[in-house]
Each structure stands twice: as structure tokens, then as C-alpha cells.
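A.B. asks: Given next are the chains, with one letter for each unit.
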Amino acid sequence: MKKYTQTSGEIGDFSQLPIWQKYAWVDLLYVSYGLLIVALVLVSYMFGMLHWLPYDPQQINMDMLMAPPFSQGYWLGTDFMGRDIQSRLIMGIQAYFLPGLLAVSISLLAGVMLGILSGYLGGKIETVITYITNLIDSFPRLVLILLVVAAFKPDIYYIMMVMGITGIPAVATAIANKIRFLAQKNFIEAAIALGLRTRAIILKHILWYNCRALLIIQATLGMGEAILLETSLSYLGFGVQEPVASWGNMVQSGANYFLQGNFWPSTAPALAILFTILGFNLLGDGLNNILEDRRGR
Amino acid sequence: MAVLATQPLLKIENLRTYFYARSKHSFIRAVDGVSLEVGHSETVGVVGESGSGKSIAAMSVMGLISNGPGVIGGSIRFTGRRVQRDLLEGLDKFVNVKERHGRVMVVNKDEAGWQKASERQMKNLRGKEIAMIFQNPRASLNPYITVGEQLTEAVQLHTLYKTRKEASDRALYWLEQVKIDSPRLRFNSYPADLSGGMCQRAMIAMALSSEPALLIADEPTTGLDATIQSKIVNLLEELKSETGISTLLISHDISVISRLADRVAVMYGGAVVEYGQSKLVLGEDASIKHPYTAALLASVPSEQQIRDKASLQTIEGDVLDTINVPAGCRFYARCNQITPEINEKCASHHPELREISPGHQVRCWRFSN
Numbered sequence: 001m002k003k004y005t006q007t008s009g010e011i012g013d014f015s016q017l018p019i020w021q022k023y024a025w026v027d028l029l030y031v032s033y034g035l036l037i038v039a040l041v042l043v044s045y046m047f048g049m050l051h052w053l054p055y056d057p058q059q060i061n062m063d064m065l066m067a068p069p070f071s072q073g074y075w076l077g078t079d080f081m082g083r084d085i086q087s088r089l090i091m092g093i094q095a096y097f098l099p100g101l102l103a104v105s106i107s108l109l110a111g112v113m114l115g116i117l118s119g120y121l122g123g124k125i126e127t128v129i130t131y132i133t134n135l136i137d138s139f140p141r142l143v144l145i146l147l148v149v150a151a152f153k154p155d156i157y158y159i160m161m162v163m164g165i166t167g168i169p170a171v172a173t174a175i176a177n178k179i180r181f182l183a184q185k186n187f188i189e190a191a192i193a194l195g196l197r198t199r200a201i202i203l204k205h206i207l208w209y210n211c212r213a214l215l216i217i218q219a220t221l222g223m224g225e226a227i228l229l230e231t232s233l234s235y236l237g238f239g240v241q242e243p244v245a246s247w248g249n250m251v252q253s254g255a256n257y258f259l260q261g262n263f264w265p266s267t268a269p270a271l272a273i274l275f276t277i278l279g280f281n282l283l284g285d286g287l288n289n290i291l292e293d294r295r296g297r
Numbered sequence: 001m002a003v004l005a006t007q008p009l010l011k012i013e014n015l016r017t018y019f020y021a022r023s024k025h026s027f028i029r030a031v032d033g034v035s036l037e038v039g040h041s042e043t044v045g046v047v048g049e050s051g052s053g054k055s056i057a058a059m060s061v062m063g064l065i066s067n068g069p070g071v072i073g074g075s076i077r078f079t080g081r082r083v084q085r086d087l088l089e090g091l092d093k094f095v096n097v098k099e100r101h102g103r104v105m106v107v108n109k110d111e112a113g114w115q116k117a118s119e120r121q122m123k124n125l126r127g128k129e130i131a132m133i134f135q136n137p138r139a140s141l142n143p144y145i146t147v148g149e150q151l152t153e154a155v156q157l158h159t160l161y162k163t164r165k166e167a168s169d170r171a172l173y174w175l176e177q178v179k180i181d182s183p184r185l186r187f188n189s190y191p192a193d194l195s196g197g198m199c200q201r202a203m204i205a206m207a208l209s210s211e212p213a214l215l216i217a218d219e220p221t222t223g224l225d226a227t228i229q230s231k232i233v234n235l236l237e238e239l240k241s242e243t244g245i246s247t248l249l250i251s252h253d254i255s256v257i258s259r260l261a262d263r264v265a266v267m268y269g270g271a272v273v274e275y276g277q278s279k280l281v282l283g284e285d286a287s288i289k290h291p292y293t294a295a296l297l298a299s300v301p302s303e304q305q306i307r308d309k310a311s312l313q314t315i316e317g318d319v320l321d322t323i324n325v326p327a328g329c330r331f332y333a334r335c336n337q338i339t340p341e342i343n344e345k346c347a348s349h350h351p352e353l354r355e356i357s358p359g360h361q362v363r364c365w366r367f368s369n
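Residue numbers (the numbering used here), protein chains in the order written: chain A, 1 to 297; chain B, 1 to 369.
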């Protein structure tokens, strides 16, 4: 059943409604959960950077191997070497946070620039850019990453740079298509007739107002993907190496003891991965719905 | 200011805008030698069937033609209070036209160079001195930006109201000027939340906000329902008497033209076939009219016809195919006033625009004596 309510006797002014009446509660829930996760990740990252941790994440305590949660000051228990899982989870954010941002910014910045060039200028430049993006697209991402790992060293920044570059085609194609599509629209012609500069039209009318939802989605999905890639590679031993903490290698080292009944050391980082990626993806989804809501027809 | 007294605000001379039909390897002569004048504080109506080149002529003035070859010749002289300029000055060096038997056969155009030079000529003019409103107002507003925001942007760009507060106050003032109901509410609305008529009012507000010398209204009432159409026409009428703005009004609706225009140009097949005072061109006397104008007027049902439920008069035949333009008069195939004496001339020679009484020009062999 659908409910329609008018909030006052006057004609409703949408912009003055309280936020919870403007948008669907599901979207608001998604966004608030996503924002909560992002804030948590951000604060934890700061704490890790400043080493404001309950324990040194490398500190081995032979008296407390595989301690369950809530035991003697170890809130989330310890792993097979008696290291504090909470501290290691917080330090694990260091493994993906900056590299993930790097990957996302590479794909967004380069993608937007190539997209504008190819969508606006067209012609030969568009052909060249299409060749480049197709070339990047036709390479399997994991093979490329393994090549880089083999050629240089298993450094997470190298891996994330590859991830950023392989993310360029999706953004560039989306932006170029959007520009090509909008350029035929009457309101862009009207904006030109109004005397607006080309730069203002592309940056403000097309990119900011018509593409920001798309960019936000790409950014949040990209960040989620970066976390997933980092943890998977670290799980496989290509990414962050022991003893430096990463959620991926924590799952891996804990998994050896999973069947012996000590499921906690691997389940905790696995849940962290799950909820974090979920948070980023839902944030993008919710923001997309809220921002796209006003486009009308 | 002597220039202002003698020169009309906008003087289009021999404007030619061609397109190219790739599949037929021939030119589409959308606008073929149009000459028009818009005086200061004058409204000139351009009337004609769809495909007669009205809109393309207006877009050429604004420099909005993006398909090739586009504008290939002519001059568009703008003589405003602040700017006096030929919009096509110095652009002919980018075009090389080869004609045979008075007909364009080859056009070489450096389109990038033309575009760049044209942008330079249009600087400080487009949107500021010459504003344009389009048909289908809703599509002319960016659906993602509130109406107020778009208006504010236009005000900030072209007027001295530069700060956000001043500009948005001014934008609100213009929304009130175009008599939109509850302007403060519409200010924060998105175009999708407004009706078509309200969108057109917002577009008019946006066009007028820079206080331009010339307003080009390209079918401003098309796509609106009949009552809204008449309200928009009333609004344009009021704004005209209040601000004294010059208007180039393009419409295929003769009733709109007759209510607003001081002078009327009738276009057919990319050329002006009749040009003169609104009273004369749209008046009763068919003997001093171009046959096309007479036929157009006859196809508007009179009240008597409506009462009698008489069938509508139509003009026989189709609108001129601007690809295969005949050598003779362009209206020859559909004309019902050809007499045996002039038949040969009509079929073989294109008539010139000839003055038959002061300020009234007709392009027809009937008036060639």
C-alpha cells in the first residue's frame, strides 16, 4: 500500500521539507549506514596512524594464544600468536585506505578527463581514446596485476595503481556517452544561446549536475572493489605480507585454525571486510537514488 | 548616436545557410538568400510552413548552427546601443563557394576556423544583447538544476548583479515580472515540477534578465495548450509595451503573429516571399499579396466557416523540397494565380523581391508589370 500525505495546508515547497520526508527511508538508511562505516574507517585509520591502539599489533603474547573475545582486556580476542585482533583490525585499514584512494582517484581523474576529451571533441581524438580504453579493457585485470607483482615487487601501491588504470575505461566511456547524449539536448543549446562559456557548460551543467551521481557511484564502488582486491591478494599472499596486518592475511592465517574450533581469528576480519564493503556499496546506492531523485521525467 | 537613428537594430542581408544531404550528394538550401530588418523597439514576425527555414535563419543569427556546411554567406548587421557589429564580418575567408548558373555547386568551408571566429564575433552578444527563447520550454531548462539557480546564473553572467544574494533577488524579480504564480515557490522548483507554460515563463524571464536589445522567439507558443498559448502571447505583448524590446518572432501560427508583430516576413522555401507592415501583409486585400500569403491566410478558418462547419482550405501540394530547388519561382508548383502571360517567366526565372508600395515587398512576377 502506498501512502500519500500533504504536510500542510499550503502548496508544499519540496526544498523546505525535513530531510526524512523528502527521500525514501530505505535510501536514508543506506546512506546513514554507509556514512557510519566510512566515518568508522576514517577514525580508525587516524587512530592507526597515530598508534592510539589498545596493544601493539605486532606484540606477541604467548600466554594468550587464541583468546576468545572479551577476555582479559582483549576485546576481540587474540590470534594464533597471541596478537590483539582489535589492534590488528585497526592497523589493517592502513593496508587499503590510501592505496584504495589512489586507485579511485586515478580512475576518476583520468576517466573524467579522457571522457570529456572524447565526448566533447569527438573525431580523431575520440578514436584514439577509444583505442586506448579498449586496449586497457581487453587485458584481464588479475593477469596485469600478477605481471606487475612479478616484474617489480608485491607492493600494494603498484597493485592499486594497476587497479586505478584498469578502472579508467568504465568512467571514460560513461562520461563520454553522457556528454554526447546531453550535447544534443535542447537545454545545452539553450545554455549556449544564453551565452554561457563552454567550460562552464561542461564542468557545471554536464559534469557537476548531470554526472555527479555517476561519479559518486563509481567512487564508492571503486573503493569497495579496492578493499576486496587488496584483501583477496593479501589472502593469497601477493599483497600485504605478514607480519604487517591486513584483513586479507588475517583471514588467511586464522583459517588454518578454523576447523579446530578457533573460528574467531578469521571470522572477525572476514566480517570487517563484509560490513565495510557493504557500507561503501550501500552509500553509493543510496546517494545515487537521492541525487537522481530530482531529475524528473 | 546618429548610427542608431539610421540603422535598424538587426539587418540580415542575403543570408545563406545550407546543409548537405550525404546520401543524395546535394545541398539542402534551408535558408537561401534571406534579407530581413528588425527596427528598434519593433516586433517582426516570420511566418511560414514547417521547413520553410524560419528557425534555421534564427539559429544562424545566434551562431548555433552545428551541422555542415551551415552558414555560407551573407551579412548580419547588429546595431545596438552598446555593440555595433557585423556578426559574419571577416568570416567569408573561411568559406569558398563555387557557383554555376547562379546555383551553389561546391562549398569549401574551414568549419573549425569559422566556428572559432564566429564565437569571437558573438562574444558579449549572445545572451546579453541577443537572447533567444525556444519551442519546447521544458527541454530548454536543465532538469537537474532548480529554476532559480539557472536564472541566477544568467543574471550573474550578464548583469552587474554579481553577488549571489543580489543576483538571486534580481532573478526573483524577473520571475515576478513574467507573472509566474507563487514565484518564490517556483524559484526552488526543478523544471520537472513546473507546467509547460510556467517553464516558458521562466525561459522568458531568463532571456529578459540580461535586458537584451533583441529577443528571438522561436515558436514560443508551440507545444503549449491553447489557453496557455494565449496567456504567453498576452505576456509577450505586455513585456513588449513595458520594455520596448525588439523581437524577432518566429511562428507558423498566424494569429500569434498578427497580434504581436508590427511587420511580417512570409518565408517559403528558404526565402522571404513577402515583407511589409502587418496590416498589409495579413490584411483582407488578397490582390496585393504574394499567392502563398493569400493561400496561408485562406487556410485559417474564419468564424463564418467555423459556424458553417465548412471544410478547411488547404494549400495543394507539399512544402518545397529544398534539395531540388526549381529554376523558376519556388511556389510555382502550388500557385493558383498563374496567368498565361506570366506562366513562362514563373516557370523559368526566380522573381526578385520587389517593392509594390512603400515598405511592402513581394516576390512575385504578378507585380513586375
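No wet-lab data here; the hints were simulated from the structure.
The reader is advised that the hints may include incorrect statements.
[To be verified] Listed next, with one range per pair, are the computed distances between beta-carbon atoms:
| id | chain 1 | residue 1 | chain 2 | residue 2 | range |
| --- | --- | --- | --- | --- | --- |
| 1 | B | Ser66 | A | Val148 | 38 to 46 Å |
| 2 | A | Trp208 | B | Asp110 | 28 to 36 Å |
| 3 | A | Val148 | B | Lys93 | 26 to 34 Å |
[What the hints assert, rightly or not] Simulated pairs of lysine-lysine, DSSO-like, Cα-Cα distance not exceeding 27 Å:
| id | chain 1 | residue 1 | chain 2 | residue 2 |
| --- | --- | --- | --- | --- |
| 4 | A | Lys204 | B | Lys123 |
| 5 | A | Lys124 | A | Lys22 |
| 6 | B | Lys11 | B | Lys165 |
| 7 | A | Lys124 | B | Lys165 |
| 8 | B | Lys231 | B | Lys123 |
| 9 | A | Lys204 | B | Lys116 |
| 10 | B | Lys24 | B | Lys11 |
| 11 | B | Lys11 | B | Lys179 |
| 12 | B | Lys109 | B | Lys24 |
| 13 | B | Lys165 | A | Lys22 |
| 14 | B | Lys98 | B | Lys109 |
| 15 | B | Lys123 | B | Lys98 |
| 16 | A | Lys22 | A | Lys204 |
| 17 | A | Lys124 | B | Lys11 |
| 18 | B | Lys98 | B | Lys165 |
| 19 | B | Lys179 | A | Lys124 |
| 20 | B | Lys98 | B | Lys24 |
| 21 | A | Lys185 | B | Lys279 |
| 22 | B | Lys123 | B | Lys109 |
| 23 | B | Lys279 | B | Lys98 |
| 24 | A | Lys185 | B | Lys345 |
| 25 | B | Lys123 | B | Lys93 |
| 26 | B | Lys165 | B | Lys231 |
| 27 | A | Lys204 | B | Lys109 |
| 28 | A | Lys153 | A | Lys124 |
| 29 | B | Lys179 | B | Lys123 |
| 30 | A | Lys185 | B | Lys93 |
| 31 | A | Lys178 | B | Lys116 |
| 32 | A | Lys124 | B | Lys345 |
| 33 | A | Lys204 | B | Lys11 |
| 34 | B | Lys279 | B | Lys11 |
[To be verified] Covered stretches of chain A (in silico footprint by chain B; criterion: 3 or more residues with CB under 8 Å from a CB of chain B, positions within the stretch not fixed):
| id | stretch |
| --- | --- |
| 35 | 178–187 |
| 36 | 251–259 |
Glycine included, every Cβ here is placed at the ideal spot set by N, Cα and C.
A.B. asks: Please name the hints from earlier in the document that this structure breaks, with their numbers sorted from lowest to highest.
C.D. replies: 3, 5, 6, 7, 8, 10, 11, 15, 17, 18, 19, 21, 23, 24, 26, 27, 28, 29, 30, 32, 33, 36
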